[in-house]
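Enquirer: Read off the chains here:
2 protein chains.
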Amino acid sequence: MTFDAEKALLPTGMCDGLPPEAAKEAACVERLMTAFAAWGYARVKPPLFEFEDSLLSGSGRTMATHAFRFADPASGRMLALRPDMTLQVARIASTRLKTAPRPLRLGYAGQIVRIKGSQLRPERQFGQVGAELIGVATPDADAEVILMAIESLAGIGVGALSVDLGMPTLVPAFCDDMQIAEAHRHDLRLALDRKDSAAVHALKDRIGADSARVLGAMLTATGPIERTLDALRALDLPEKAALERDRLETVARIVAAGAPDLEITADPVENRGFEYHSGVTFAFFSRAAGAELGRGGRYRTDDANGGEAATGLTLYMDTILTMMPPPPETKRIFLPAGTARDAARTLRTQGWQTISDLDGGGADHPDFTSSERETGTTADKARHMGCSHFWLNGTAVEI
Amino acid sequence: MTFDAEKALLPTGMCDGLPPEAAKEAACVERLMTAFAAWGYARVKPPLFEFEDSLLSGSGRTMATHAFRFADPASGRMLALRPDMTLQVARIASTRLKTAPRPLRLGYAGQIVRIKGSQLRPERQFGQVGAELIGVATPDADAEVILMAIESLAGIGVGALSVDLGMPTLVPAFCDDMQIAEAHRHDLRLALDRKDSAAVHALKDRIGADSARVLGAMLTATGPIERTLDALRALDLPEKAALERDRLETVARIVAAGAPDLEITADPVENRGFEYHSGVTFAFFSRAAGAELGRGGRYRTDDANGGEAATGLTLYMDTILTMMPPPPETKRIFLPAGTARDAARTLRTQGWQTISDLDGGGADHPDFTSSERETGTTADKARHMGCSHFWLNGTAVEI
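In order, the protein sequence lines correspond to chains F and D. Sequential numbering from 15 applies to the first sequence in this note's numbering. Sequential numbering from 15 applies to the second sequence in this note's numbering.
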C-alpha cells in the first residue's frame, strides 16, 4: 500500500463528496429548505454535539446506542455527536423558542453521524433535512407536513410520489378498548410486526376470539387508502380504536384533496420505526425508486410541562439524490491570459463558469506567434479544462 | 435550575442557530459557493471525521491539539473531528482527484469543530467556507483567489474591502542569502514577530550590521502596498530575497489591476498564522468591521510525490455575517382554514411565505358568523403569527 492509498482510506461509512455530486446535494438541500420556508418553516441550526445527558435523555434514549461519545476537556463532561436532529429541534422549541407563537414551524438541514451503519445503509454520516410543526394537534397539521413534503419533493424534480400512512396508536387503542392484558400485548406486537396472521389467530385463547379476528383483519387491511378505510369501517371498532381510525381517515381525506394525483396507501398496524409516535405517521416513496425517501409522524415533545403536540418529517438525502434528474449542463468558458477582468465578470453574471488561463502567455508569449496558433492552443487548453467554449476577440467560441 | 433551563445549557462554545440568523447564514454560504463556482471552483464535501493518523499527520500536525478525538468501535482506531477543512481538500486533490486536470479548482463549505475556543472567538463550532487552487504556481494563480474572494464578498454585500498581503518567505530568503546561521534565526523571528526594531538592531553583532539594518527596514515597510514596495526596492536586496519581493510586487500589480478600488496593504515580515505558507499570503478586512473576514496564501500539498503548488483561502462566516446587510423583508401571508390549495401554491410560487390556519374553523365555524367577525379574527391570528397580510376572498389584505 502506498502512502497515498493509505491516506485515501477513510473510516468505514465515511466518504468524500466529489464534483459534481457535492454541489448537486447542496443545491438540492437548499431548494428543499427554500420550499419549506415558503410554507413558513423557519430554519434553525442546532450544534454538531451536545452534552450526552441532554442529547440522549428522554426520547433521545432510543438514539443512545447510535451516538459517538467523547469527553469535553472544557467541562469534564461527556459529549455526544448528534445521531439525529429531530430531538435537537424539539429541544430548541421547548427552550429557546418557548415563547414564540404556536404553531411553531421549524426547518433544519445538517450532517448527522452514527456509530454504526446498517447493512442497507453502510454510511455513518448522513445529510438530514427535516421540518417540525409544534404546538398543534389537528388533522390539518398532520396533512400540512405531508403536503409540504410532497410539493417540495415534486418541486425539485422527484416524481411518481406515494405516501404510506400508518396509525401506530390504533392497535394500542383497540387493546385498551378490549382490556387486553399487558402480558399479552408484547406477543401480539411481535405477531403483527411479522405480519403473521396465523400467530395473531393463535393468540385467540389469550386475547379473545373477537379481538383476534379484528386484529387479523386489521393486519390485512393494507394497500390503497380506500381499501384500508373500507376494511377498517367494516370492523365496527370499539370507541377508542374508532377515534384513531377516524383520525387516519380525516388526515387521508385532507391529503387526497390537497394532492389529487398522489398515490396514498396505508398500513394501519405498522409500528416498526414508529415506536414513539402518537398519531398519524407517514413514509414517502417514489415509484421510480422503490426505496424510502423520508418519513415522519405525530409525536409529543419532552419537557417539564408535559410537552407539546407535534408532527415532523425527515428526508433521506442520499436516496433523494439518486432520484434527481441530472442538473442542466453548465456553460463553461476558457479565458486566455490577458482577458479583460470586466469581460470575465460580465460572463459570470450571465451564468457562465469562467476558467482563467493561469499559465501566463498571451499575445506576447513566444508560443502564440499567429492567431491560428493561439486559437489552436487555446482550444486545446479549453478542452483539457473541460470547457465547452473559449473566449476570443470578445466572443464565446464553441469548441 | 429548572429542567428546561438545564436542557438549554449547551457545552461552552456551542450554540443554537435561531431564526432568522440560521437562514441568513445558509443563504450567505450558498451565495459564496455559487460565486466560487462561477470562477470554476467545483464543490467537494469531505467527511466530518477521519482517522486521526491521516487527518492530523503532515501539515495536519499543527492542528492536532485542536481536534476532538474518540475511538472507532468499527476499526478500533482513533478518529478525529475535523478542526479545519483545508487539509481534507488537499488530501482529496492528491488522492481521489489525482488525475483530474490541473489547475484543479475546488470549493468547500462545512462545519468544523475545535476542542478549545480562543478569548477572541469563544466558539468551538464554526462554519468554514473556502477554496483551493491546486497545481499552479504562477502569480496569476495567487491573484485569482484574492480577486475571487473580493468579488464574492462584494457580491453578497460586504463593502469597503481591503486586503493585507504578506510574504513569509522573504525573511528566510534573505537569511539564506546572507548565510545567517540557524542558531540566530529563532531570535530574529521572535524580534520580528514582536515588531521590535530595537531587538532586531541588537542582533547586529550576531547577524551582521548590514543584515540588521535591512531587516529593521523591512520591519517598518508596512502599510499601503506602494509604500511597502518602494521601501523594499530601496533596500537593494540580495538575489533570493529580491525574487520574493518581485513576486509580491507582481501579485500586487495583478490584484490592483483587477480590483482598482480595493485598498491593498502589505506587511512583508508578517509570519504569525502563516508558518507553513510558501509564498504570497493575504488577509481580508472590511473598513466597516475591523475584524478579519478571512485569509489564505500559497502552500504545498503533502504527498508521497513531493506535493503540488497550491494556494487557497478560508472565509470566517461568523465575522462576515455580522457585516451583511439585513435581508429583504419576506411577504408573509396568513391563509384562513379552507383556503384553496391552488391559491396557496400560487402565492408560494410568487414569493409569499404562506402560514395556514391549522386550528380548523372557516365559513362554517360558529366563531365566524359574519364576514366582519371573520376578518377581525383572521387579522388577529395573522398578526399573532407575524404575518404582514391575510388572504380574504381571493385577495391579499395588508394588516
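Derived from the structure by calculation, the hints contain no laboratory data. Where a beta carbon is used, it is the ideal one built from N, C-alpha and C, also for glycine. Heads up, some of the hints might be wrong.
Unchecked claim - Here are some chain D residues pointing at chain F (derived, C-beta under 8 Å):
id, residue
1, Leu24
2, Trp53
3, Pro87
4, Gly272
Enquirer: Next, verify each hint and record whether it holds.
Expert: Now for the hints, and whether the structure bears them out:
1. Below 8 Å, beta-carbon pairs count as interface contacts, and Leu24 (chain D) has one with chain F at about 6 Å; its hint therefore holds.
2. The closest approach between the C-beta of Trp53 (chain D) and any C-beta of chain F is roughly 6 Å, which is under the 8 Å cut-off, so the hint is satisfied.
3. At about 6 Å, the closest approach between the beta carbon of Pro87 (chain D) and any beta carbon in chain F falls short of 8 Å, and the interface hint on this residue holds.
4. For Gly272 (chain D), the interface hint holds, since its Cβ comes within 8 Å of a Cβ in chain F; the closest pair sits about 5 Å apart.
Checked against the numbered hints given earlier, this structure breaks none of them.
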